[in-house]
Amino acid sequence: MPDISILTTITPNHYLVLSACLFMIGVAGVLLRRNLIVLFMSIELMLNAVNLSFVTFSHSFGKVDGQVMVFFVMTIAAAEAAVGLALAVSIFKRFKEVNIRFFEHLKG
Amino acid sequence: MTADAFLFWFLAALTIISALSVILMTNPIYSALSLAMTMVSVAAIFVTLQAYFLAGVQIIVYAGAVMVLFVMVLMLFDLKHELQAFTRGRFSGAFKIASIGSLAGLLVGAMYSARINSALTESSIAANATSKGAITPLAEELFLRNVFGFEALGVLLLVIAVGTVALSRSKGGTHARH
Amino acid sequence: MTSMGTTGFEITVNLIKTVLVFLMMVQAVPILVWLERRGSAFIQNRFGPNRVGPLGLLQLLADAVKFLTKEDFAPEKGNRFMFYAAPVFALIPAAIAYMAIPMSVPLKLETATFLIQGFEINVGIVFVLGISSLAAYTILMAGWGSGSKFSLMGAMRASAQIISYELALGLSIVGVILMYGTFNFNEMILQQQGPLSFNAFGYTVATAALPNWGIFYQPVGMILFFAATFAESNRLPFDLAEGEAELVAGFHTEYGGFKMLMFFIGEYGHMMIASGLMATFFFGGYGIPYVSIQDVQNFGMNLFGSEIAANVFNTVVHFLCYNIKFGLFLWIFIWVRWTLPRFRYDQLMDLGWKTMLPWALVNTMVTAAVMFVTTYFMF
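Residue numbers (my numbering), protein chains in the order written: chain E, -18 to 89; chain U, 62 to 239; chain W, 132 to 510.
No lab work stands behind these hints, which were simulated from the structure alone. Be aware that a few hints might be false.
No farther apart than 25 Å at their CA atoms in a straight line, the calculated lysine-lysine pairs in the BS3-like style are these [claimed, not checked]:
# : chain 1 : residue 1 : chain 2 : residue 2
1 : W       : K239      : W       : K148
2 : W       : K208      : W       : K280
3 : E       : K77       : W       : K208
4 : E       : K77       : W       : K280
5 : W       : K280      : E       : K74
Partial pick of chain E residues on the chain U-facing surface, computed with a CB cut under 7 Å [to be verified]:
#  : residue
6  : I6
7  : L12
8  : M27
9  : V36
10 : A59
11 : A62
Just so you have them, the derived chain U footprint on chain W, three or more residues with Cβ under 8 Å [to be verified]:
#  : region
12 : 244 to 255
13 : 258 to 272
14 : 287 to 300
Cβ atoms here follow ideal geometry from the backbone N, Cα and C, with glycine treated the same way.
Excised from the complex, chain E in its bound form (with noise of 0.2 Å):
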């Protein structure tokens, strides 16, 4: 019978390669996407991630310094969304288009 405790018994690690995972996708994303706005979403599936990792060493020491950063990185991401909205906003008025290929050179 082969040994089956990785599945029934979960450690901090597993919850560290979830976050691995979770942090792939997002540098995925944000290498295999064209999309402006999809971009950050991928940026913030990353900072989720970080987050996640962040919870877990906070769990596993016992100590709330780990949830302390958590609100850090969250208020960070949230005002990181509210800019880069605004900037694709206007570059969608200008270029009605938010396909990086459209902008990709720093003339108007």
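Got chain E sorted already, so can you dock chains U and W onto it with the hints?
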């Protein structure tokens, strides 16, 4: 299989599937809605880690405010068809995917070489503060030891708010004066 | 978060209870619709539905049959998946959030204790606010999935309004949280038991004339909270999302039949959450003014003579008391809808950002300052 393990695998599968659909859906509105789903399931994972307050904040801030903003902006754009949703070029695409894959392999390998083998138990944070849901230690940490960072964050938010308003009033912005 | 119990009996009862609370919520909707139609008729000096059954009560059944047998259609230009998913998602957040509100004293049966709520959560307030803020998605999904300009305009208005008023809503209860020092609804209600009494400058101030309710400590917070919940549940005077004079019916223009009814249940669900929270934060929850929980228990003991019967009596009496308060706020929601005219959109945004948000901030700061001064300065 215990209930905890079942819950973890279920939530992990939900998170991964919805995160994958964020980057694989060609319609950006579906992407945004899947991202909201990812946020909610990450909040549920926070609950399994006994970070109840953070789970609530995650839902309020991310799922309730940030993602609603994303969905609203996308619906305003009303992108019917997307030109080249994914990156061009067979070679560069393959190269990017390969680099992502190797990076993922490295990370997971590093984690397994530094195993933390203790099974997940009731953490001391949650056990210490039974009635308040572990909020008191969090508040003490945030407002006593990290008060400078907290204030700096407030200043940053103010700057961001001013910047956003200025951006949307500039030429080509949402509220530009003609 | 409490577990679902240890013995099989406890787990079964807790699961059934969750379903029961949901059913209770859904079943209250037809009664509210009847109340709304009769109430509006009363306010506008009309008759209202009075033909089917006594007082028109069976009108609801007739309506339900009508809704169920209507043709099920989806607009051709819209997005079918979103169009059908939106009404389903309208129900879920409202139902889950309502389950966290306690409705009576916990029922003790020998060794087991059952809370009269779907589930107890330590960070109840954060949970309810978070889950009910997810309602913005259903509106956006409905508006976009319909593929109609009126729907999209209504959805945009509604979601912008919900995001804006969430700030005022959240800030208006910070004072309450500061005062009770807890996020847990049950602890909050227990602190509001008994006559008005508080410690200030080392003295204890008490009057027997008033109950120890939150409204006497947080009147400004109460007004701001109640106004913000009107905006959150998209009711008049803030129902710009529907605005039938401008937008036909807003985000549910294209919906009919049972799908429309599900949006209705969602809207009434938000009204119920708001009423339940009002009662819990500011009016003592299930507590009866001037009578303590122990008094009711003793009265039940004298009446029935057995411990279990007294416990059941206690729970039922407090449940009725909760429902009286709950019903009163629901009636105020209906009353306001048929009394006040609708705001203009810029007035709505001005009210949210320039009036309610600063007042909520001032309320928070004044509460914190007063609490600090009265606790740490002695005379």
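Going down the list of hints, with the structure as the test:
no. : hint            : in the structure
1   : W:K239 x W:K148 : holds, 15 Å
2   : W:K208 x W:K280 : holds, 11 Å
3   : E:K77 x W:K208  : holds, 23 Å
4   : E:K77 x W:K280  : holds, 20 Å
5   : W:K280 x E:K74  : holds, 20 Å
6   : I6              : holds, 5 Å
7   : L12             : holds, 4 Å
8   : M27             : violated, 10 Å
9   : V36             : holds, 5 Å
10  : A59             : holds, 5 Å
11  : A62             : holds, 5 Å
12  : 244 to 255      : holds (count 3)
13  : 258 to 272      : holds (count 10)
14  : 287 to 300      : holds (count 6)
Hint compliance for this structure: hint 8 is the single one not met.
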